[in-house]
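Q: Next come the chains, spelled out residue by residue.
Protein chains: 2
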Amino acid sequence: MSYYRYHVFFCTHHREEGACCANHDAQALRDYAKEQVKQLKLTGPRKCRVNNAGCMDRCNKGPVLVVYPEGVWYTYKNKEDVDEIIHEHLQHGRVVERLKI
Amino acid sequence: MSYYRYHVFFCTHHREEGACCANHDAQALRDYAKEQVKQLKLTGPRKCRVNNAGCMDRCNKGPVLVVYPEGVWYTYKNKEDVDEIIHEHLQHGRVVERLKI
Numbered sequence: 001m002s003y004y005r006y007h008v009f010f011c012t013h014h015r016e017e018g019a020c021c022a023n024h025d026a027q028a029l030r031d032y033a034k035e036q037v038k039q040l041k042l043t044g045p046r047k048c049r050v051n052n053a054g055c056m057d058r059c060n061k062g063p064v065l066v067v068y069p070e071g072v073w074y075t076y077k078n079k080e081d082v083d084e085i086i087h088e089h090l091q092h093g094r095v096v097e098r099l100k101i
Numbered sequence: 001m002s003y004y005r006y007h008v009f010f011c012t013h014h015r016e017e018g019a020c021c022a023n024h025d026a027q028a029l030r031d032y033a034k035e036q037v038k039q040l041k042l043t044g045p046r047k048c049r050v051n052n053a054g055c056m057d058r059c060n061k062g063p064v065l066v067v068y069p070e071g072v073w074y075t076y077k078n079k080e081d082v083d084e085i086i087h088e089h090l091q092h093g094r095v096v097e098r099l100k101i
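For the record, the sequence lines run as chains A and B.
Numbering-wise, our numbering puts 29 at position 29 of the first sequence, and it's gapless, one number per residue.
Numbering-wise, our numbering puts 64 at position 64 of the second sequence, and it's gapless, one number per residue.
Isolated chain A (complex conformation):
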């Protein structure tokens, strides 16, 4: 089994020009996700980890996050989208098709 059951990476990279995840509140929404996961007691080995990452080169789909080991990529707009990914995918193992890219 993977060290983390769900290892989530938010691109929080900032580009000076063109599309980038940081232009879409990625850092604030990653921080929100990390706090929610902590409050739900989902954090830790065999459970979840939410990390910042550099540019994952899917800028035009941004903001993006990826959930490993599944390798499911999502885009999101706001806290409600993040909540849905946490509730559906991280708590119940169900892919959120409407946000999947």
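Any given hint could turn out to be false.
Same chains, same label: a pair holds when it works inside one copy or across any pair of copies.
Okay, derived cross-link-like pairs now, DSS-like style, lysine-lysine, Cα gap no bigger than 27 angstroms in a straight line [claimed, not checked]:
hint	residue 1	residue 2
1	61	34
2	61	79
3	47	100
4	41	61
5	79	41
6	47	79
7	79	100
Hints listed in this document are in silico derivations from the structure and should not be mistaken for laboratory results.
Once you have looked at the hints, place chain B on chain A.
A: Frame of chain A; chain B shown alone:
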């Protein structure tokens, strides 16, 4: 298939106190890995991506990197270790047991 065949995350987080990956040249060695992967033309969709990541909470094993979707974790000390991971794992799909954690 995963968007990236191998998605590699180097912890490059810096902690003010205690063990941390940044104290072990993690940023320089991640930059080296990224450049090597580029020179070997391994970069791109269905191929490889090498990213920085925040603290992955395995500080005492650091410096660490993880290769997804396999979820194989490695520690490394120098460019030779990074070269071995690239050559064995990313080019030939073989886990480097001596560096695995």
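Q: Can you tell me if residue 79 and residue 100 fall within 27 angstroms by alpha carbon in one copy, between copies, both or neither?
A: within (16 angstroms within a copy, 36 angstroms between copies)
Q: Should residue 47 paired with residue 79 be assigned to within, between, both, or neither, using CA atoms and 27 angstroms as the limit?
A: within (21 angstroms within a copy, 32 angstroms between copies)
Q: Between residue 61 and residue 79, at a C-alpha cutoff of 27 angstroms, which is it: within one copy, between copies, both, or neither?
A: within (18 angstroms within a copy, 33 angstroms between copies)
Q: Within a copy, between copies, both or neither: where do residue 61 and residue 34 come within 27 angstroms Cα-Cα?
A: Both: 22 angstroms inside a chain and 22 angstroms across chains, each within 27 angstroms.
Q: One pair to classify: residue 41 and residue 61, alpha carbons no more than 27 angstroms apart. Within, between, both, or neither?
A: between (30 angstroms within a copy, 24 angstroms between copies)
Q: When no copy is specified for residue 47 and residue 100, does a C-alpha distance of 27 angstroms or less occur within a copy, between copies, both, or neither?
A: The answer is both: 21 angstroms in one copy and 20 angstroms across copies each meet 27 angstroms.
Q: Tell me, please, which holds for residue 79 and residue 41 at an alpha-carbon limit of 27 angstroms: within, between, both or neither?
A: within (18 angstroms within a copy, 38 angstroms between copies)
Against the hints set out earlier in the document, no violation occurs for any number.
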